[in-house]
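Asker: Single-letter residue listing:
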Amino acid sequence: MPLLAGLTRRRRLVTVGAIVLLTLGVFVAKTATAHASGADEETQFILNTFMFLVWGALIMWMCAGFTMLESGSVRTKNASMICLKNIGLYAVAGLAYFVVGYNLMYVDVGSVIGSLDFLYGASDDEIALLTEEADTTASVIGAGHATMSDWFFQMVFVATTASIVSGAIAERIKLWSFLLFVLILTAIIYPIVGAWTWGGGWLAELGFQDFAGSTIVHSTGGWAALAGVLVVGPRLGKFRRDGSVKPTPPSNILVVTLGVFILWLGWFGFNGGSQLALGSAADAVAMSQILVNTNLAAAAGVVAALAVSRPILGRIDLFAGLNGAIAGLVSITAGPDIVDHYWAIIIGAIGGLICTGGIKLLETVRLDDVVGAIPAHLFAGVWGTLAVCIAAGGSFHVQLAGVAAIGAFVFVTTFILWRAIDATIGLRVSAEVERLGQDSAELGIEAYPEFVLMPEEDDRE
Amino acid sequence: MPLLAGLTRRRRLVTVGAIVLLTLGVFVAKTATAHASGADEETQFILNTFMFLVWGALIMWMCAGFTMLESGSVRTKNASMICLKNIGLYAVAGLAYFVVGYNLMYVDVGSVIGSLDFLYGASDDEIALLTEEADTTASVIGAGHATMSDWFFQMVFVATTASIVSGAIAERIKLWSFLLFVLILTAIIYPIVGAWTWGGGWLAELGFQDFAGSTIVHSTGGWAALAGVLVVGPRLGKFRRDGSVKPTPPSNILVVTLGVFILWLGWFGFNGGSQLALGSAADAVAMSQILVNTNLAAAAGVVAALAVSRPILGRIDLFAGLNGAIAGLVSITAGPDIVDHYWAIIIGAIGGLICTGGIKLLETVRLDDVVGAIPAHLFAGVWGTLAVCIAAGGSFHVQLAGVAAIGAFVFVTTFILWRAIDATIGLRVSAEVERLGQDSAELGIEAYPEFVLMPEEDDRE
Amino acid sequence: MPLLAGLTRRRRLVTVGAIVLLTLGVFVAKTATAHASGADEETQFILNTFMFLVWGALIMWMCAGFTMLESGSVRTKNASMICLKNIGLYAVAGLAYFVVGYNLMYVDVGSVIGSLDFLYGASDDEIALLTEEADTTASVIGAGHATMSDWFFQMVFVATTASIVSGAIAERIKLWSFLLFVLILTAIIYPIVGAWTWGGGWLAELGFQDFAGSTIVHSTGGWAALAGVLVVGPRLGKFRRDGSVKPTPPSNILVVTLGVFILWLGWFGFNGGSQLALGSAADAVAMSQILVNTNLAAAAGVVAALAVSRPILGRIDLFAGLNGAIAGLVSITAGPDIVDHYWAIIIGAIGGLICTGGIKLLETVRLDDVVGAIPAHLFAGVWGTLAVCIAAGGSFHVQLAGVAAIGAFVFVTTFILWRAIDATIGLRVSAEVERLGQDSAELGIEAYPEFVLMPEEDDRE
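Chains as they are written, first to last, in the working numbering: chain A, 117 to 577; chain B, 117 to 577; chain C, 117 to 577.
Chain A with its partners taken away, still in its complex shape (with noise of 0.2 Å):
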């Protein structure tokens, strides 16, 4: 120690000792600035639960989105029945999910398949906590978050993937059949693509890619739809023995308006809550990243499905428009939280684009999709899961494959779906029940009772 050289021996030992303190103290001090700079656990574990929560009611939110799209987009005399239908399946959804489909989806996944036990709840941790019988904070914190706020999130997913399917076969299909539809959608099929993929099985392990479910959710979505529109056939009279297209506008503009900002409202919950966490200064950046590219994507897909719709369409079209927004959405739900600002941008016109091709296309391979949920979910998601790999990086044949398993896993479960369930019970109503529409006929209720109503061109072919 040369620089104490000239000092006593006792002054030495002073200063060593405060030498010593000093940079114990430093040490000390460095320590809980370390520790103060980091969200401490317990407020992680915090933010974490309570940002699925509220995230998770905006994307319940989106049920009441894809109602009102629908039931503003069936003609009058079926707008009841759509509403029936979309309460009914997100309690179904909801209520099979808890039952058997989370299990399947995220319990001991192997590589495909989850477990099939019965019913979901919190930790046992967790209910020691809350009954106050033992203080379990510790083991609790280090889950991450809560277990029932995630499987909260996770249950508003499926809601969504049964939500697409109702739109496109509206008008002609049965509640009840419908109902069971969903109700194995939600329970089984849903879960076993979410077990290869979020749940950690075989495609998760290959590096597909697909941060909220361009595919998981809304391919999926749409594949069950496509499946069901081949199967129950087009709806009466729409089209026509002459080649020609009968058109059947929407019915309610405004409510199909209101329900596509709800859809856009809930998915910044959609993508944002895909985070799956909300502890950190990189998550927090990272939800921004999500929020800011969903929203640009959505503008470019109405920006671009109006611009395309007149050389498309033959006229700017309001409806495409719409069904833009909720492409672009779509489209860049594959990687909001990887891809660049202007790479959004270009993910949701693209996204806007197809949707709006895909709409005319339907028309000429005359498949009847009410809404156009096949364009908006099936193609537009598509092309996000595949575009996320173009402007981000990783294998496009992994996408691709993902696309491919997924796309053909579904459409084939589904399409069996629909032909036992025609088989049996039956799935289409009557042509007589379709004629008069589905409120009066088979509910006793009409949506709008009091307005008078334009007799409707004729229906037969």
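Rather than coming from a laboratory, the hints here were simulated on the basis of the structure. Be a bit skeptical, because a hint or two may be false.
As the list claims (entries may be wrong) - What follows is a set of in silico ranges between Cβ atoms, one per label pair, in the way DEER data are often shown: (1) C:PRO363 with B:ALA508: 56 to 64 Å; (2) A:LEU516 with C:ASP240: 28 to 36 Å; (3) B:ARG544 with C:PRO571: 32 to 40 Å.
Keep in mind the model is a prediction, meaning the values are calculated, not measured. Each residue gets a CB set at the ideal place from its N, CA and C atoms; glycine is no exception.
Using the hints, position chains B and C against chain A.
Answerer: Showing chains B and C alone in chain A's frame:
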């Protein structure tokens, strides 16, 4: 200190110093770690406050839900008036609760009533902190949450109570008479009920359990509605001389459905925020349980109500299904924090059954509740309050006592109040106004002035 | 050191060492406690960011509110077009603000304008953190919130400004001309106003107070609307030759009411989020005050507008009451953080009066503002900006200067812009299109194609 025996004195000194240092350092580090393992107090304060604000905003949104539910349920000729009544009641309730209600409910509550002070506001410490007059952070934080965040949360609750009333007695009550009733309900009657319970009064001391207000909010609204229905009587022509009941289907089903979705969404705030804190892992876990139970009960309410609607009401009834959701939500509200998930399903399902049966019952006893508020909020509220002790323990007698005491108090006072209003400024519109509809006769504005309406069948009895 | 005089030197050394140790230890402990008693920096960062995202999402929802308010207020024949304009403006505003607007408003603002850079995005440190290239947590946290969370929050503000315009000039302006106007308003004009104030420019340096934008957002939108109304002129037949005014009541009151509830809800985000931080108890207290003041002012606006609607407009006017809510909200927006609660009531009530009087005034001077946007946003915005210094101090002259400078700038630039658009691509639809309605004539889509509509009375003057 035998361990140090072989050392020179000077070395001993240094060594002792080092040991002291290390001990202290470890102590300090542990202190810091101990702090870091729980959310610190200021973070807890922020989380508690923010939670009140976010969930409170969602509860405010329930007023829009009631407005849509009610304005879509009444006949077109009264739909504008119900919009006006609802935005008016929210305004009046908020002002009344600010001027006097909150103080009666929460400030210096003895066993029956709080303080008759006027106005309410932030604490002096909070004002000092905001104006930077003094650093009162520590004492502000000590309160657990910002004073007015709690006020905001409580205010939206009282508005909910008032909202329940407007629908039941719609289509026949004068605007100003209704708003006067709301003023007294929200300034005095509801706050007294609240003082007995959440304010810490005699029912709280007995151990009455009503987590988020199955009885305190929903049954209170329901009793006030029942008293109103009894005093004002049915709509002209609703119950015919021959014993038959004139059907008065909702005039706009889409809007009713939207209203129910809004209420369902808002209920996540209503029940979730009633945890009253988000500062610990236990709070976060509890809030997650609450949202899941809330959703399961609503889902079960929908399914049960739909299932029994055919035997009870003669058809699959969408309106019953929608009310089933609300009844499920009301039913779970007394104990969403403590019942098991499967119990939430049972409680909600029974709520849905009771509501559907209640709709039939009211018709049978010739009580005219336009939107089904009494079955959904009163009947299901009573059920939920009793169910909480069936499912999760507690005294059945105390629950029954609370239901009975609050029921008797609210029913009697509101009955007298309705009568007093009737005897002074008048309660019911003239038969002529009722036939024409309040929209054109009282407001001079129609809900949908450009739509051609069906001529209404005669209202004569 | 007389206290240590009786001790041997060695003991003194030890004692001195111990004292130093204890002092240091206490200092370190206090440091740690000090850190622990405030939210740590990373938690603050997360809370600030999450607050921006949650409240920002609610503000985006206000666009749905404006859409509903406006599409329910116009005549049925133009309701689809207003839906399209509103979703279009939200898309355009978001893209324009991303490409150039935000930079002009916030980046390197001198006294009048920011930087003319293109695009905006996360900081390099944030990108490095997200891509895990480097642990830049500390420097990221130093910014206080995620870069794009603030961008998101600011973006939804500019969309609000644009939304205000569409309603006033509805039913007669071409779609693309309107969207071009929005593009320039949101890319350039609004950002310049913002640079003067929130960006730190000359008005900010003068001490101009406009917390969440009574003037900056609402009056800016109102001035742009007024200029548009002057340039484009009234709807055909609105003001008759004989001096009478053709009534054009809202075509769908339920939807208007829903829109107002949406706006009211969104305003909690609009004002609450304008606290711009949630990292301290003071922020949380301030945000609570803000939400309560926002709600009280809106409530008072409703009551006051309803109360004076009979003397001013000749009847209890629901539409005036609904606009009263908005006027109350606009009025409080300049100072919800600093006025007392009773002042919030007074400010909101006067806002409601001004709005109702303004509706009458505009009719008198024969200006055709379809939805009452000018009274609700411009008149109430001016009032609110002045009221803040009446209620809470500050320079009246500075407030007046800000109101005048922003008013002059926005009115003149938008007047020129409207004229320029009119002179080039044309602003107003043809008389034929106006008679038929923009929905069928321009869009080829009707809002409610199945409802039978009343024949409209002649539009000739």
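Asker: Hint by hint, where does the structure go against what was stated? Just the numbers, ascending.
Answerer: Structure breaks no hint.
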